[in-house]
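Asks: Residue numbers (our numbering), protein chains in the order written: chain A, 25 to 171; chain B, 25 to 171; chain C, 25 to 171; chain D, 25 to 171; chain E, 25 to 171; chain F, 25 to 171; chain G, 25 to 171; chain H, 25 to 171; chain I, 25 to 171; chain J, 25 to 171.
Think of the hints as simulated: they come from the structure by calculation, not from any bench. Hints are all accurate, no fakes.
Here are a few chain C residues that sit away from chain D, every Cβ distance over 12 Å (derived from the structure): (1) Gly-73; (2) Asp-112; (3) Val-122.
Covered stretches of chain C (in silico footprint by chain B; criterion: 3 or more residues with CB under 8 Å from a CB of chain B, positions within the stretch not fixed): (4) 141 to 149; (5) 154 to 163.
Distance windows between CB atoms, simulated: (6) Pro-154(I) <-> Asp-112(A): 55 to 61 Å; (7) Val-47(D) <-> Pro-165(A): 35 to 41 Å; (8) Pro-48(I) <-> Ser-38(J): 42 to 48 Å; (9) Thr-72(B) <-> Val-122(D): 28 to 34 Å; (10) Asp-163(F) <-> Val-122(D): 30 to 36 Å; (11) Pro-48(I) <-> Glu-123(E): 50 to 56 Å; (12) Asp-156(B) <-> Ser-38(C): 28 to 34 Å; (13) Pro-165(A) <-> Pro-48(I): 41 to 47 Å; (14) Gly-53(G) <-> Leu-26(D): 50 to 56 Å; (15) Ser-38(C) <-> Asp-156(E): 52 to 58 Å; (16) Asp-156(J) <-> Asn-105(I): 45 to 51 Å.
Predicted, not measured: the structure shown is a model, and the values here were computed from it. Beta carbons: idealized from backbone N, C-alpha and C, even for Gly.
There are 10 protein chains.
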Amino acid sequence: ALSQLGQPTTNPTSPEEATLERVPSPHQGKRYVVRFTAPEFTSLCPVTGQPDFAHIVIDYIPRQWIVESKSLKLYLTSFRNHGAFHEDCSVAIASRLVELLDPEWLRIGAYWYPRGGIPIDVFWQTGAPPEDVWIPSQDVPGYRGRG
Amino acid sequence: ALSQLGQPTTNPTSPEEATLERVPSPHQGKRYVVRFTAPEFTSLCPVTGQPDFAHIVIDYIPRQWIVESKSLKLYLTSFRNHGAFHEDCSVAIASRLVELLDPEWLRIGAYWYPRGGIPIDVFWQTGAPPEDVWIPSQDVPGYRGRG
Amino acid sequence: ALSQLGQPTTNPTSPEEATLERVPSPHQGKRYVVRFTAPEFTSLCPVTGQPDFAHIVIDYIPRQWIVESKSLKLYLTSFRNHGAFHEDCSVAIASRLVELLDPEWLRIGAYWYPRGGIPIDVFWQTGAPPEDVWIPSQDVPGYRGRG
Amino acid sequence: ALSQLGQPTTNPTSPEEATLERVPSPHQGKRYVVRFTAPEFTSLCPVTGQPDFAHIVIDYIPRQWIVESKSLKLYLTSFRNHGAFHEDCSVAIASRLVELLDPEWLRIGAYWYPRGGIPIDVFWQTGAPPEDVWIPSQDVPGYRGRG
Amino acid sequence: ALSQLGQPTTNPTSPEEATLERVPSPHQGKRYVVRFTAPEFTSLCPVTGQPDFAHIVIDYIPRQWIVESKSLKLYLTSFRNHGAFHEDCSVAIASRLVELLDPEWLRIGAYWYPRGGIPIDVFWQTGAPPEDVWIPSQDVPGYRGRG
Amino acid sequence: ALSQLGQPTTNPTSPEEATLERVPSPHQGKRYVVRFTAPEFTSLCPVTGQPDFAHIVIDYIPRQWIVESKSLKLYLTSFRNHGAFHEDCSVAIASRLVELLDPEWLRIGAYWYPRGGIPIDVFWQTGAPPEDVWIPSQDVPGYRGRG
Amino acid sequence: ALSQLGQPTTNPTSPEEATLERVPSPHQGKRYVVRFTAPEFTSLCPVTGQPDFAHIVIDYIPRQWIVESKSLKLYLTSFRNHGAFHEDCSVAIASRLVELLDPEWLRIGAYWYPRGGIPIDVFWQTGAPPEDVWIPSQDVPGYRGRG
Amino acid sequence: ALSQLGQPTTNPTSPEEATLERVPSPHQGKRYVVRFTAPEFTSLCPVTGQPDFAHIVIDYIPRQWIVESKSLKLYLTSFRNHGAFHEDCSVAIASRLVELLDPEWLRIGAYWYPRGGIPIDVFWQTGAPPEDVWIPSQDVPGYRGRG
Amino acid sequence: ALSQLGQPTTNPTSPEEATLERVPSPHQGKRYVVRFTAPEFTSLCPVTGQPDFAHIVIDYIPRQWIVESKSLKLYLTSFRNHGAFHEDCSVAIASRLVELLDPEWLRIGAYWYPRGGIPIDVFWQTGAPPEDVWIPSQDVPGYRGRG
Amino acid sequence: ALSQLGQPTTNPTSPEEATLERVPSPHQGKRYVVRFTAPEFTSLCPVTGQPDFAHIVIDYIPRQWIVESKSLKLYLTSFRNHGAFHEDCSVAIASRLVELLDPEWLRIGAYWYPRGGIPIDVFWQTGAPPEDVWIPSQDVPGYRGRG
Ligand SMILES: [Ca+2]
Ligand SMILES: [Ca+2]
Ligand SMILES: [Ca+2]
Ligand SMILES: [Ca+2]
Ligand SMILES: [Ca+2]
Ligand SMILES: [Ca+2]
Ligand SMILES: [Ca+2]
Ligand SMILES: [Ca+2]
Ligand SMILES: [Ca+2]
Ligand SMILES: [Ca+2]
Ligand SMILES: [Ca+2]
Ligand SMILES: [Ca+2]
Ligand SMILES: [Ca+2]
Ligand SMILES: [Ca+2]
Ligand SMILES: [Ca+2]
Ligand SMILES: [Ca+2]
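Please model the entire structure based on the sequences and the hints provided.
Replies: Here it is in structure tokens:
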């Protein structure tokens, strides 16, 4: 049974403490894509302790499981006081979901706010996407300066 | 004969009650795509009973049949007081149309309004699209937060 | 000789009456694409007689002929008092051009205004486009509701 | 005490049944504007029973009270199975809030989805806004057809 | 009683034949604005007989009456085979509504499609708008060429 | 009688040679605004002879006369081989129209393409606009560099 | 002397701990506006402890002092683990700056991410802005749902 | 040696008179794409003598040579008083560059301003682009009418 | 006589060295606005020596003089290796132009690229603009983060 | 050890002097893409000494190393007083990174500000990208003129 959905919960204080949960995919025979868009992500710079912010988009093709969305939200919240570099953090989130869900395919796009005037985006997927599943572009606008 | 087009109708109270109707495709020898964009979709959360909203786009390549559009509208309206999870509901709509139309190919993009600050999109197609039919991108803008 | 270009003309009152004309392609050895964008298309609903509107985009690769553009304009104008369903009308326009031009390839995108809150788009092409000709996306924005 | 915030609630089945609640304004000496943007509004056409949809934006300057936002959400939800014309419904929502809050000033912009190809917007305010309070434009994009 | 709403109707063949109808304003004590956006307007050039197209936006503050929207739609449709110059036609539509409704205030913005590469817009209002009624900008994007 | 409308014409080779023509305003008692948007303007730099380009928008309130639009188009075309500085040319066009039309009010916005990386815009009006006539913003997007 | 600029600093753990600093305005005789745009703001819900996010824009006209920008950044960061309601928090930030700077005028626009599908914006200014100082619109896009 | 760069020049009066010049590609071993965007193109209609305007984008992969950009600008300027049809002119520009540069690959997109309400775009490339060179979309927005 | 226009020039190495030049306003009796948009501005941080960037827009109403645009460009270029704070630099540019031109009115909008994730904009004008001169909004988009 | 990160640094005065540094990729087994967006790039024209500006986007797939971002920033800053042609400079930046990082794949898009009204974009990649790594479009908007 799910331990968080429909229950009062407290925010996990680190990714390790967070409990990601899964439920059976409702259309097991169908290969569909689920996209989560999480524009409220924040973590800390492991060197300076300054807050970092990112807009994160996750796409995946379930096999047996889909992620329970309240637990996903709490998991993302758990980075709030956690220090991690951009490249590392982005791929780590995806890896944790892969471990939980054993999906047919998964990708993450992490669009970080600029530091030093230069934002970093990180893009990772588990491998080439299957050709017969429809996966639209994430189409997050590129960063621009001013004007 | 069609039972709903050009007739006064009442809203079906559940998807099961709705009568989806079909008419012969007007250009049987031609493989074209029909796109419906339905920004007025709403259903209920099966757990909390709260309303959910979605912008839905359906593309298909008819074989013998095309869906009669008034009956499609009534079918989509029938989810108004029906409870279903996002992933489930999105794929169910597509499946019902596949059953009715036996199309060469069909896909659905369901772009749900955010819950917990994180919207879910669901993308499903019946299989790889045929290579010689033109299927433009749905190009629905991604969700953003504020600013 | 062309019968309409540079002449006073009257609007043809039906597609059958319209005279589509062609001239030799100016770069016969070169395979290029010509795109027409016609945002001023209107016809009638064959059932209710109510006006319908569409934004239409046509792309084609000429073989020997290109369409004379004034005659194309008059041809599109001829649907003004003509009744036709969306799917039918969109493919019919393309078919008439194919018949006239015998192009290497042709496609039409017809982006109809909403009826019952749900617009219909129709996409058709003569077949898979040749791989060594450049055909940009039509990139017409999707329909949205309000907000 | 508040009866709905932080409590399990059920959706009120009509506007009359909904309990709008208020709490004291946190900065009584300060004249500020609160804006709610509610893109998930739906009601029924009182004549045909067909669903209507609107994107609603409310601005107000509190005097003693601010509206409790969960109760506002439930109030807006209560129109789901309620029949009302566009002009009537838009002004009625504003009137109910005025009655509850006795605000210094309040306005509503209701941007309805098109019917018959022509959307209706309704704009109402309690009177001329005070000159020394800052009230930004709602700046909801106008409706466009296609193309 | 209304003669067109909820009845089968035929399209009036000229503005003179069209029957604009009115109903009592639902909030007589309240001064609100109603906006209609009609992107499907077409008429004929009185000189050449060529079709003209416009995107039309009408704002008004009712006194006793509001226009019945189906009759407005049919009225606008009645210009389909009617010849009129841009400036004339735009102001004539507004004048007819003023005559019908005796509104406190009314304006029309008519955004015509380009002829000779140069579109014409026409803006008219009955007089200075009342200062204590909220009338948002129509904010229709300006015409641009290409690029 | 008009000398150019509905006649074959040749392009005037300088502004002086161009014949701007006027016709009576169709709604003499009504004070409305006419906007022309001319994105195809080009002239020459009087120093270097290099072509300059501008997007020009003209708004005016007719008194007795409106400008005949074909003659306006030909007038604008007459700058094609004419040398003039940006500030000078922009105000000169407006002045010529004022002389012809004796309008109640007129303004011009001239949005020039960049030279040396810095575009110049010129804005002029005959005086403060009348308060009871509705004159929407021209709202031409500002220039931006890249990105 | 400034205690934070050009020094290593740690993040203050609450707004009370943060040290906002000021420096003399560089153009004391000139009345100009300074705008800060802070899209990386986050605080906690005082009831649930869940993170809240906002895009914040601050405009002010200095009298003797301008705020030192590193100290402003650290002050905004200090809300990271602080609980406050939207209306309260938005006005509190502005009030703290007013206390520090004694500006001629100041305003804040706080554009919060949606909760329950309905975002709240808060707008406050110290009073009517002076008429001879130029204060551009903040022009932050309104929230939209999907589609 | 180059005859035009860094020299005073006069505008060539026809494409034939223009001197396109080339310089060695600076990274001979590297296969890169150069894109020129020329929004200031104008020519004449060969039938009516009326000016035509286009936004032109050229992409190419140099082999030994790149085009000197001042000479390209003068070449494009040389069409100012030259008559040519849209399809013809667009392909002719590309052909002239191919002749000069002997590039590995080249394409042109010519986005013409509307005539008769219908703009024409012309797209041509020398052949299928090489698969291992990166050629981004030109992504010029489609034409739209009004609204 | 002008010392820089039409002459070879070298970049001035500091604002003090730059020679801003003026020429008589071509329409002395007419009160018009000139807008310069300079998206290529860069200076240095006076503390760290790091480059800063800004998009700058200047509007003014000439009295007797207009600024010669090549000299303006060189003046702006002269900040390239000059250290100045954002607020100071923005107002200083405007002040220098005021001194040169003695304009009826002038304003500057300086839209700086973000530092520490928070961009600063500076807005200054010489005083309230005259009421009968038309001064459009600068309408530079606000900064946003990501997403 | 890194020589620049977390240390006070001075700006290198030429690309040769700049010290690009690398650190081990945090997810060696994972093939991800890192994107840097640098809208603050400026160099000098090698012929005229005039400043050039570009918006630069770099994508790469690390093998063993990722570039340390502060050193990348300083490297890009080092072009500030360095003369180089657009095509040359763009490819040189990419080449230097390839040399440092030995990446699996790398590309650069350099979007230069217009000179002579015509901007140049340069696109280069090390070769065909691997098929099973996800590389989103850079999607930088094309240049447009005005209007
Ligand atoms: Ca930054
Ligand atoms: Ca895109
Ligand atoms: Ca797109
Ligand atoms: Ca509709
Ligand atoms: Ca409709
Ligand atoms: Ca707007
Ligand atoms: Ca036209
Ligand atoms: Ca606007
Ligand atoms: Ca330039
Ligand atoms: Ca605007
Ligand atoms: Ca939400
Ligand atoms: Ca605005
Ligand atoms: Ca696109
Ligand atoms: Ca704006
Ligand atoms: Ca230029
Ligand atoms: Ca794009």
